[in-house]
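Here is what each chain is made of, one letter per residue.
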Amino acid sequence: MKKLILKRFVLFEQALLRKHYHVFLLLITLVLLSRESVHAQQKTITGTVTFQQKPLTGVSVKLKGANTGMSTNEQGKYTVSLPTGRGVLVFTYIGFLTKEVIVEGSTTINVELEEDKQQLTEVVVTGYGTQKRESITGAISTVTSKDLEKVHGGSQVSTGLAGKLPGVTFRMPDGRPGGGATIQVRNMGNPLFVIDGIQQDKRQFDNLAPSDIESITVLKDASAAVYGVRAANGVVVVTTKRGSRGEKNVINIDTYAGFQNWSRFPDVVNDSYEWYLGKADAEMNNGGTTTVTKEELAKYKEGTAPGYQSFNWKDFIVQKNAPLYQQAINATGGSDRINYYFSGTNMFQYSVLGREFTYGRKNINANMDANITDRLKVGIGINGWNEVRDNPGIPGGDDYNLPRAAILWNRPWERPYANDNPDYINDIGHNESNWAYNNKKYGGYSNDRRRYGSARFNAQYQIPYIKGLVAQGSYSYGLEDRLHDGHEYTYKTYTYNPTDDTYKATGGSINPWRERRTQKIEKNNYQVGLNYNNTFGKHTVGGLLISERYDVRDKEVFVHAVPATNVLPLIYFNTTDTYNDRDDQQARIGYIGKINYNYANKYYLEFSGRRDASWKFAPDKRVGFFPSVSGGWRITEEKFMKSLLGENSKLNDLKIRASYGVLGDDDNGILPTDYLAGYNYNQNGYGILDGNPIIGSRDKGKPILNISWFKSKILDIGADFTMFNNKLIGSVDYFKRLRTGLRGTKYDIVLPSEIGFNLSDENINKDEQAGGEISLAYNGSAGAVTFSVGGNVGYARSKFTASYKPIFFNSWDQYRNSAEGRYKNLFWAYDVVGQFQSQEEINNYPINIDGQGNKTLLPGDLIYKDLNGDGKIDGYDERPLGYGRSADGTNQPIINGGFNFSVAWKGFDFAADFSIGSMYSYNQENEIRRGFSYNSGALNTILTDRWRRADAFDLNSEWIPGKYPALRFNVNSASSVNKNSIFWLHNVTALRARTLELGYSLPKSLIGKINIQKARLFVNGYNLFSIDNLSKYKVDSEVQDTNGLQYPQNSFVNMGINLTL
Amino acid sequence: MKNKFIIAIATLFVFSLGCKSDSDYLDIKPTQVLSPELAFSDPTQVLSILADLYNRQYDYPRLTEWVTFGDFNESFYSENGQYNNYHGNSTWGFRGYRGPDVGGRATYFWTPWDYTYIRELNLFMERCATATALDAATKASYIAEARFLRASYYFTLTQYYGGVPIILNSLEFNGTDVTSLQYPRAKESEMYDFVIKEAEELKLLLPANSNTKARATKGAALAMESRAALYAASIAKYGATTPSVSLSGGEVGIPAGMANAYYTTALKAAEEIISGSAGAYSLYKKQPGNLSENFAAIFYDKTQNNEVIWVDDYALKFKRHGFTQVNQPRFGAEEEEGGRINPSLNLVQSFEKLDNTFAPLATNDANGDYVYYTNQQDIFAGRDARLGGTVIIPGSSFKARPVDIWAGVQLANGTVISGGERGAQKVLPGKTVPEQVVGFDGPINGIGNTAQTGFYIRKYQDPAIGSGQRGVGSAVWLVRYRYAEILLNAAEAAFELGQSSVAAGYMNQVRARAGLVVPLTGGDITFDRIVHERRVEFAFEGQYFFDLKRFRIAHQVFDGVALNKTDLLSNLSKATKRSTQPYSLLPYKYYAPGSPNNGKWIYKVDLSNIVTASDNWQLGNYYSEIEPDILTRNPKLVKQPNQ
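Protein sequence lines, in the order shown, are assigned to chains A and B.
Under numbering that gives the first Met the number 0, the first residue of the first sequence carries the number 0, and numbering increases by one thereafter.
Under numbering that gives the first Met the number 0, the first residue of the second sequence carries the number 0, and numbering increases by one thereafter.
Treat the hints as calculated values from the structure; they're not laboratory data.
Honestly, I wouldn't trust all of these hints.
Here are the simulated DSS-like pairs of lysine-lysine, each with C-alpha atoms no more than 27 Å apart in a straight line [what the hints assert, rightly or not]:
hint, chain 1, residue 1, chain 2, residue 2
1, A, K701, B, K635
2, B, K316, A, K554
3, B, K28, A, K701
4, B, K638, B, K186
5, A, K145, A, K98
6, A, K247, A, K98
7, B, K28, A, K620
8, B, K19, A, K620
9, A, K804, B, K638
10, B, K398, A, K503
11, A, K298, B, K588
12, B, K564, A, K854
13, A, K745, B, K635
14, A, K298, B, K430
15, A, K503, B, K430
16, B, K28, A, K519
17, A, K1003, A, K247
18, A, K76, A, K1008
19, B, K316, A, K491
20, B, K398, A, K491
21, A, K240, A, K131
22, B, K19, A, K519
23, A, K519, B, K316
24, B, K588, A, K503
25, B, K603, B, K430
26, B, K19, A, K554
27, B, K430, A, K293
Being a predicted model, the structure only gives us computed values, none of them experimental.
Only chain A is shown next, with the shape it has when bound in the complex:
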């Protein structure tokens, strides 16, 4: 059959050459009909598939070239019918080498499979291609679908990556429905995402359906250089599932449903008496008088009279056990000429803030590759998603903000409904945080919908006569559409008047707010090139030449109106008062080249380079060249090593590798129009002259002609090894990234400010990032139990190396403000040596703590360390005590890691994985540092453990010690709370349980009868606990907002089922 096709192909070519198109058409028909055109006697083959004489269940057995096949039963037996009585049987089983047996005569074919000891033959996706794992010479980590599928803890892909990839740092400050995590490669900054060969942004990455992902590969070093001017912060390469050739056609159903609860959230004093006592305490501490009376306090303690009761706002707002669910279905398979993967996924997530704050997304994904001829392969990929963030419209930029803040802002005697009558929202004086109004009925709505559709077409043609040379090309088009409709209604709040039993409208808003944002982002990506790969004896040579163009156009219109009614949704011209229009474009061009060579799978060498151009810069500053080189040496392949280690070596494979390259970063804060001279039109609003609105224009200032991208040089030295019969796999990496060309000012020439312009920045400053990773994994078995254990840990910290001739006014300035040779992102704070224990101690204390002769201090106040010994505490006494945020606002852990454990026994499987983050800081501020600050509401329960007088009303009563300093009412300038100190700053180390999953696969004997190949039930927990030093503040260890009021990550409990039909 194979020969027949080949023969026909020769005719095919000949026909083309001779321009005999009719023959050509005829031949195509023949090719298509060939399968049917040959008939012969049918034959049935049976046999048993074994490994080490034990039967193997579920081994795929199929006739080469056929679409269908079957798998072995529990006894390892199979039966295949051969229509022609001839052919080649293919046996495939994960973890084993594929075996092909030619059917010749016998109808019984027993097969012994060999374990695939060379797990190393695994193929890894790298920049613009794939490589066998053994030939990898860069620092590349991969996570595959196997690991990703067990995460059911959020809607965005990034949320599932904690601890899974060595060198990838993770932090998820906001866990709301649809929230994503901040991930960085070696803390280098925002990475570039490449999805199926196309450069994308993080949103595209996050909105993939996790179950559609085949693998995520992270290029951490010079191996990213082929992505040129956007590669400096590492590249995350994602490959979606495509189906394999010669694989059975199966349908997979993966569905789960679960519940979410906040991991942690601050608690608030919800006892009116405790609150008023705190107020009395705080006011007395202010100035010795209080407006709170003892009589009133007694009534609050009693808590029964109207106006004196307590109300628990947190319980009112937070509705526990918010559901989420996901259904994913896919069909995949392939023949020897076509492979396909079609999938649809639906996910929906509620929030614990009632049930109206939701997120939902639907994904479809389709990939198909077809060999049209033996030389020409074409593929198409279609990806689409539709996500909706839907919630009540609440004043303020973030609709989630007020409901969360309300938990700490609303005071305990305030009640949501007037006279507790749910028909009337109570006027509590600050009604925007009255949860009774934070809903779609009264508040309004916000519906933010993003939709994306992309289609990719690619083709590869094996060029005749040159073995291994392939011409390839692809075109991709993506369109993202955003439609955000928001409407905040007018509403009324009421005061109940008991004297005449009436409800009077005393508050609310008569301001309607209606907005619509429409955005279209179009992306084009064109790639064309040549790929070469061939082996000559022991020499394997590969190469790549690609030209890539990539453009984005982002258009957006924002309209705001003040509608006349709450009930009708359309926007009318006469009520419109804002219309903002935007149209931004990007364009980049890259020429990529890559050569790799290996000798006897022992020595590896790779060169790559990219000539890249970015539209952002002045025409003569656009082009850059980004080369890299890397090499590897598999020592264990050396004869001397083999003889040294002996036959039964514990060390199976050891490769030492190193890489070095130059990468670029065009995201350096420069605007694409900065190189142009002229006037910015309409960027600084209107001027009103003679009563008429005039759009303003402003001089852009001196054009910036000298700035280009950052240059980043990465050195990586690492080793990969396998031991103990390949059961232990590990790798170690050290890296150092030097960035040059960071923006800075040259101080050789200091221009007076009076000339009205500055010399533009230049690419002169330097920094470096250094660290490393270790990862280990062990796969083993004991009897019927198979298990695996693995872990990784990485360290990555950034240091400012040098600026261009820095100038300091004095040594203090240098100490405080110099960055030279220092770690970046330090957090400066005061050291605390204790707390005052008594008024006498304050009176006799020689150091001026508060700048006012200590007369504002009370027992319990913090004693700051007088670092410079000048007898007073001021800015000169600060020193670096923690980790601050980097320029992009993130505060990623410097140490990251994870470990996992899985075990399987018969039908049961259990998996657990954990993540570790350390060396980052959390600074307690605002509502979790001060009492009564916002709306005079907040009194965090942690602040009840405070220094206070035994009798709040008696200035002479004795002090009762507590943890926190004595409260003040609305005095933020109190010495203990107005400075950042180590008392409020916490350097965090957290160990967090991520996935804990228990599964059970129903036995084949049961489900085989109903034609189900696999049925697995599972219970899954995600984020169930965290062991860290922020638990006592009730703050999630990854929350970033210093007031602790961010929407924290959720704990999930899910149940689900995996079915393979």
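Fit chain B to the given chain A structure using the hints.
Below, chain B without anything else, positioned relative to chain A:
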């Protein structure tokens, strides 16, 4: 034809890549940038640049930033986040501390040093002059306007810094020579001379049209001249009382001998406007039946308003501000906010009685008993009508809504019953059901947006419905010069030149409009009178700050000593009276069933316990510090005195 597929693929990619060269592909036309040539190619486009230049004058206070209205204890900052910045700090620093920014860094108010703006003004004039597409008349009028803006901005810089380098053309750097770009500070007197000279030339170039408000006119130029000359004169005269506030080079301080000439210039410029030669300017008197409303209307009435000379104008939908939104009475406001500026009792009690005498508000009688008022407003009766036009007092109304300001219920035994939220309800003794015990506008100590001093601000509030809506905003304009100032400038200059009765004549015009119809005589005009009249007429218009500085009395008014109640209530007419802390006047409802006073109002003078600091003006505060970075960059700049 070797292989059709190769051709097919090649065709596909040629097609998809198109014929664009690399540079064509990368050259993306900007959507919001005009080249300098295009920008000066037609008058409409040039006006667009001019509109932006108008927008960049440095105003203090600013309608877009309510905290700029609150300083110097003329009011209380009624917003929780601001207490600390203004009531817990005792000095302003040498640059006018305004609080920390988002990143926690200190920010300052008194630091306009925008030489980029000056450069762009210079560039504008130069590019205008050489533009070929503009006719001569258009060029001349645009250039005159830019010149006015430049002079006005140099005047602003002088108010903060004294002498600064005067740069009158766009400078370029040739790559090597820095020293030729280092300009020293001009003398303070030279700054004023420059402004006066420019004004004298510009008044001949600019239109004499009192209907043009937002653009430069002859009236605006003369108003600027009169104010600048007056400032120069008073600094020359009163600077002598603070000799250490000067620099030997004259960058700060003006010799006393120059005072008279400046006063003469100030008077002459003012009288040129008064004479009508700059246009038909007059005091706003459209509502003779309600003098308080009439006074407030100067700021919101844009129709045929002959008082206003030069403004920063606003228009709904295009350029608007939220001043009313954040400051109007909280109760019944369009939004869940308002009430941030609470005028202090310090200011309120300084409005005179109609018989031209000063007196504290009568809270207690001679025996120390409370005075019981039937109506809340009664305690303010018989005072300067400007009080009601500047401040919203208890019992008055705004936007036809009565304000509900009362702090609690006082029982006969002295016990006060109040509540923790606006409109709180409690059960009064002898009653069974709860009733309201505190106003819906407060005051509640420590609860922002309530009238914590007992007052809200009235000036610059927009009475239009919807002006308090976040999505709508207000288009009330910011008045930079108005006719009343011209009269008071003339009065002050005349007084200083020894023409007291002339001074009284001008001042009486302004006072009569406020209902103070008993004329002052020449003998009544004193320094204290001059200072006082400006304080009440121009409250919340930014003049108070500069008056305190040029009269060199700020260090006496803010002497760092806590203001006690006795001090507060005495010497109301004195210009140097201490005002280191903002006081409140809180109304209470008297509850004593059976008593004739039951249900009447009493008032208490109070100081919020949030006010913990006493303002302390240092001599170094008279001139803003020049930032170290600016000094470093130009070694020819000398430092300010006392810093």
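Hint by hint, here is what the structure shows:
1. K701/A - K635/B: holds (25 Å)
2. K316/B - K554/A: holds (23 Å)
3. K28/B - K701/A: holds (19 Å)
4. K638/B - K186/B: Distance of about 13 Å is within 27 Å: holds.
5. K145/A - K98/A: Answer holds: K145/A to K98/A is near 24 Å, not above 27 Å.
6. K247/A - K98/A: holds (16 Å)
7. K28/B - K620/A: holds (17 Å)
8. K19/B - K620/A: holds (20 Å)
9. K804/A - K638/B: Judged against 27 Å, a Cα distance of about 26 Å means the pair holds.
10. K398/B - K503/A: Holds, at about 19 Å.
11. K298/A - K588/B: Within the cut-off at roughly 22 Å; holds.
12. K564/B - K854/A: holds (23 Å)
13. K745/A - K635/B: This hinted pair holds, its Cα atoms lying about 21 Å apart.
14. K298/A - K430/B: Given that 27 Å is the threshold and the Cα spacing comes to 16 Å, the pair holds.
15. K503/A - K430/B: With Cα atoms ~21 Å apart, K503/A and K430/B stay inside 27 Å; holds.
16. K28/B - K519/A: Judged against 27 Å, a Cα distance of about 19 Å means the pair holds.
17. K1003/A - K247/A: It holds: about 17 Å lies between the C-alpha atoms, which stays within 27 Å.
18. K76/A - K1008/A: holds (16 Å)
19. K316/B - K491/A: holds (26 Å)
20. K398/B - K491/A: holds (18 Å)
21. K240/A - K131/A: holds (18 Å)
22. K19/B - K519/A: holds (24 Å)
23. K519/A - K316/B: holds (26 Å)
24. K588/B - K503/A: holds (21 Å)
25. K603/B - K430/B: holds (26 Å)
26. K19/B - K554/A: Since the Cα atoms of K19/B and K554/A sit roughly 22 Å apart, the hinted pair holds (cutoff 27 Å).
27. K430/B - K293/A: holds (20 Å)
In this structure, none of the earlier numbered hints is contradicted; all agree with it.
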